[in-house]
Amino acid sequence: MEPDTQNGGGMAKLGIWLVVLLLIIGGIVVYGKRGEDTKKASVKEPIKIGFIGPLTGDLANIGANTKAAVEIGVDDINSAGGIGGRTLEVVYEDSQCTPAKSTSAANKLISVDKVAAILGDTCSSATLAIAPIVEQAKVPLISYASTAAKVSDAGDFIFRTVPSDVLQSSFAAKYAVEKLAKKKVAIIFVNNDWGLGLSKGFSEAFKAGGGEAVFSEGIDATSKDARSLLSKIKAIKADILYLLVMPGQAEIVIKQAQELSLKISIFGADPLEDMTVWNNAGKAGEGVMFTTIGTSPSDDFKAKMKAKVGSDEIIYSGPFAYDGLKILGKVIGEVGTDGTAIKDALYKVSYEGGVSSPKIEFDQNGDPKEAGYAIKIVKNGKPVVVK
Amino acid sequence: MDIVPQLIANSIIAGSIYTILALGFNLSFSTGKFIDMGYGVMMVIGGYAVFYLSKILGLPLPVGILLGLVISGLVSYLAYTVVYKPLRARKASGAVLLIASLGVLTALQAVIAILFTSQFQTLSGLLSGNRVFEIFGGAITAVQLTTLALGIFLFVILAVILKYTMCGKAVTAISDDEEVSKIVGINTEKIIGSVFFISGVIGGLGGMLIGFDTGIEPIMGLPWLLSAVTAVIIGGIGNVYGSIAGGFLLAFAENFGIWQIPGEWKSAITFGILILFLLFRPRGLFPK
Numbered sequence: 000m001e002p003d004t005q006n007g008g009g010m011a012k013l014g015i016w017l018v019v020l021l022l023i024i025g026g027i028v029v030y031g032k033r034g035e036d037t038k039k040a041s042v043k044e045p046i047k048i049g050f051i052g053p054l055t056g057d058l059a060n061i062g063a064n065t066k067a068a069v070e071i072g073v074d075d076i077n078s079a080g081g082i083g084g085r086t087l088e089v090v091y092e093d094s095q096c097t098p099a100k101s102t103s104a105a106n107k108l109i110s111v112d113k114v115a116a117i118l119g120d121t122c123s124s125a126t127l128a129i130a131p132i133v134e135q136a137k138v139p140l141i142s143y144a145s146t147a148a149k150v151s152d153a154g155d156f157i158f159r160t161v162p163s164d165v166l167q168s169s170f171a172a173k174y175a176v177e178k179l180a181k182k183k184v185a186i187i188f189v190n191n192d193w194g195l196g197l198s199k200g201f202s203e204a205f206k207a208g209g210g211e212a213v214f215s216e217g218i219d220a221t222s223k224d225a226r227s228l229l230s231k232i233k234a235i236k237a238d239i240l241y242l243l244v245m246p247g248q249a250e251i252v253i254k255q256a257q258e259l260s261l262k263i264s265i266f267g268a269d270p271l272e273d274m275t276v277w278n279n280a281g282k283a284g285e286g287v288m289f290t291t292i293g294t295s296p297s298d299d300f301k302a303k304m305k306a307k308v309g310s311d312e313i314i315y316s317g318p319f320a321y322d323g324l325k326i327l328g329k330v331i332g333e334v335g336t337d338g339t340a341i342k343d344a345l346y347k348v349s350y351e352g353g354v355s356s357p358k359i360e361f362d363q364n365g366d367p368k369e370a371g372y373a374i375k376i377v378k379n380g381k382p383v384v385v386k
Numbered sequence: 000m001d002i003v004p005q006l007i008a009n010s011i012i013a014g015s016i017y018t019i020l021a022l023g024f025n026l027s028f029s030t031g032k033f034i035d036m037g038y039g040v041m042m043v044i045g046g047y048a049v050f051y052l053s054k055i056l057g058l059p060l061p062v063g064i065l066l067g068l069v070i071s072g073l074v075s076y077l078a079y080t081v082v083y084k085p086l087r088a089r090k091a092s093g094a095v096l097l098i099a100s101l102g103v104l105t106a107l108q109a110v111i112a113i114l115f116t117s118q119f120q121t122l123s124g125l126l127s128g129n130r131v132f133e134i135f136g137g138a139i140t141a142v143q144l145t146t147l148a149l150g151i152f153l154f155v156i157l158a159v160i161l162k163y164t165m166c167g168k169a170v171t172a173i174s175d176d177e178e179v180s181k182i183v184g185i186n187t188e189k190i191i192g193s194v195f196f197i198s199g200v201i202g203g204l205g206g207m208l209i210g211f212d213t214g215i216e217p218i219m220g221l222p223w224l225l226s227a228v229t230a231v232i233i234g235g236i237g238n239v240y241g242s243i244a245g246g247f248l249l250a251f252a253e254n255f256g257i258w259q260i261p262g263e264w265k266s267a268i269t270f271g272i273l274i275l276f277l278l279f280r281p282r283g284l285f286p287k
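Chains as they are written, first to last, in numbering that gives the first Met the number 0: chain B, 0 to 386; chain E, 0 to 287.
If you are wondering where the hints come from, they were derived from the structure by calculation, not from laboratory data.
With a straight-line cut-off of 27 Å between C-alpha atoms, the simulated BS3-like cross-links for lysine-lysine are:
no. : chain 1 : residue 1 : chain 2 : residue 2
1   : B       : LYS375    : B       : LYS282
2   : B       : LYS368    : B       : LYS173
3   : E       : LYS54     : B       : LYS307
4   : B       : LYS47     : B       : LYS307
5   : B       : LYS262    : B       : LYS183
6   : B       : LYS182    : B       : LYS375
7   : B       : LYS378    : E       : LYS54
8   : B       : LYS381    : E       : LYS54
9   : B       : LYS149    : B       : LYS173
10  : E       : LYS84     : E       : LYS32
11  : B       : LYS199    : B       : LYS182
12  : B       : LYS113    : B       : LYS329
13  : B       : LYS282    : E       : LYS54
14  : B       : LYS149    : B       : LYS107
15  : E       : LYS54     : B       : LYS305
In isolation and in its complexed conformation, chain B is listed as follows (with noise of 0.2 Å):
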């Protein structure tokens, strides 16, 4: 019975080389043609952008808010006849903001869906992910909400309409210490790039102006347990919180420290803008400040806004989103969809009249040259300006 089987293994053996052989020779066929048709469509071919942003999981509020701004964006450039006479269609990936499904992301927009620019992403640490494979690919990158410092030197592909922690944190800690006149700052962040970034700016700021960082520790992004820090918090005797968590965290660090009767002000940043907070907090979330990062959209941008999402909801990633993707329509229209082509021009650009800031230029870091900051104070359960 022997030889029976291994002639029957070596038939089988020849039957999956063939196999493999029909299907090289398939694909080659496929792909060549392929090619062929892409090359022939190419004029009328839409131009793509890539959007990467958290569009499920714990941000997906601020990906769906920030998705409807860039569509506005798409619907403005194309009823204004296009770039160049072609089409503009954004691909819109979700991330979670988590640097694994924005890598997949990155790499599925240049490889398959061959995308002239990338969009994204929400969260620093993401964006950095995915940095250096933009980078190799020669894809230029438009961050609208990564605010870490680490976004300046990520790379020459990468951009950011949305200027710099650095910035906002020290923003934040001069009006702490000079118009709130606080003294002793304890810093709760969460533990990735983002919350150690605006976390040192904080401290070093804080510190010129006169006041002691007195705790500064880290908080897992999954953790719904912010007790044991809040106890510690409770023991030293600060007299603010400086509470660097997301939403779907924030709101939970915030009704411990009441549960816990902990008699602090806290004051966050720009994520706080997010509504579902503030309804998650309820009246635990009265008196919490934060920073945000000056937006002025037109009263046109948010009637659309409104339209599109259903409430007065402009979480200030859209504005920023809605002008980087502006920003790439104007410069591929003049340059085309070549990667270097555009990131040269996107050095030179000097754009105007947008709906996040007056005007936008970058600087040799990619980074926009001018920022505005204000403050946010949670009353009757809605954050509103303080003047």
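Position chain E against the provided structure of chain B, taking the given hints into account.
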């Protein structure tokens, strides 16, 4: 101010929820003999059932909770009959069952996310005020006290049932040796099915309590499951007393650990303990 009373309170709060989750997990693990990752999603289902029934549909809270418990129990029972039972009948290995249960976790989690979005939701709005009690200088809320009470209650009930009732004795017999139990005439499939129902109910209860205390989101299952598994391994697999010891030991270690070292190391403490136990005392504090 002395920080120790609050740290003790924090540990008790965390420990009581770990205990509840560990009790349910221990039950299905000791009879089914595989790591049921799907248990994680029962917490999510319990929490979202209350969220949907009471917060969206506006049913009275007790009705929502009761229905929620039944739903999470039924889903757990169905997961067993539809997925695990046929696999077990085919003598699938523990690894296969583990992966199948991971599939159950991921799939059901996705369904919840599609139905209710991935947004973080709180249930605390359903309660008319959550009073804060001060006990020896440590603050603890009414929800957390309820969690503690329920944890102790469940522990006592399970211990009594397992020891004194026919059904409980059958469960113990199956966890000792399934084949022999079959031979002596125990309807093992039926018993294991009801064990999965009960463990689903306990998981659902845990999810609701988490929802009332902090909040719920579709992806919360896995991190809580991992803590429960750690508590079970510390306490001793298949031992009810182990669940309570493991749950509280883990909670005290985590909360007192970050007293001296920064908070970002909390999960490192958890899993460090897990590794130490697996290496040096793999059968836990109270081996069966």
